[in-house]
Amino acid sequence: MTLAWAFTDYRSQGQTLPFVIIDIATPPSGKPLTLFDLYIALSRSRRRANIRILRDFDESIFFSSHDSYLADEDSRLQRLNENTKKQWK
Numbered sequence: 000m001t002l003a004w005a006f007t008d009y010r011s012q013g014q015t016l017p018f019v020i021i022d023i024a025t026p027p028s029g030k031p032l033t034l035f036d037l038y039i040a041l042s043r044s045r046r047r048a049n050i051r052i053l054r055d056f057d058e059s060i061f062f063s064s065h066d067s068y069l070a071d072e073d074s075r076l077q078r079l080n081e082n083t084k085k086q087w088k
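In numbering that gives the first Met the number 0, the protein residues as written are 0 to 88.
Because the hints were derived from the structure by calculation, they are not lab data. Ideal placement from N, C-alpha and C gives every residue a C-beta, glycine not left out. Hints should not be assumed to be uniformly reliable.
[Unchecked claim] Distance ranges between label pairs, derived from CB positions:
hint: 1; residue 1: LEU34; residue 2: PHE6; range: 18 to 24 Å
hint: 2; residue 1: GLN77; residue 2: ALA5; range: 34 to 40 Å
hint: 3; residue 1: ASP55; residue 2: LEU76; range: 34 to 40 Å
hint: 4; residue 1: TRP87; residue 2: ILE52; range: 46 to 52 Å
hint: 5; residue 1: PHE18; residue 2: LEU69; range: 29 to 35 Å
hint: 6; residue 1: LYS30; residue 2: GLU72; range: 18 to 24 Å
hint: 7; residue 1: ILE52; residue 2: LEU76; range: 31 to 37 Å
Hey, can you work out the whole structure from these sequences and the hints?
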């Protein structure tokens, strides 16, 4: 028997684990995972060889796009950054 822990992607943020088994199948709620959820789950181990996927999943989740409001916010922040740089030259 091997000691193990289970926790959510939210709880795993900021942690690096030697070995991980992740479940990226659609949850029972039916709400698909976001690209952020996938990034967090897949980046908890230092090595790709130490990641195992628990069960089959819908591969189309990797090809989904971010919400448009995120792209709009990125553009807004970029404009603010450029304006700030101009003011401090």
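These are the hints, each one checked on the structure:
For LEU34 and PHE6, the hinted distance range of 18 to 24 Å is satisfied, since their beta carbons lie about 20 Å from each other. Distance hint check: the CB atoms of GLN77 and ALA5 are about 39 Å apart, consistent with the given range 34 to 40 Å. A beta carbon spacing of about 38 Å between ASP55 and LEU76 agrees with the range 34 to 40 Å that was offered as a hint. Evaluation of the 46 to 52 Å hint for TRP87 and ILE52 yields a pass: the beta carbon distance comes to about 47 Å.
Remark: the range hint 29 to 35 Å for PHE18 to LEU69 is upheld by a beta-carbon distance near 32 Å. Between LYS30 and GLU72 the beta carbon distance is about 22 Å. The supplied range of 18 to 24 Å therefore holds. About 34 Å separates the C-beta atoms of ILE52 and LEU76, a value consistent with the hinted range of 31 to 37 Å.
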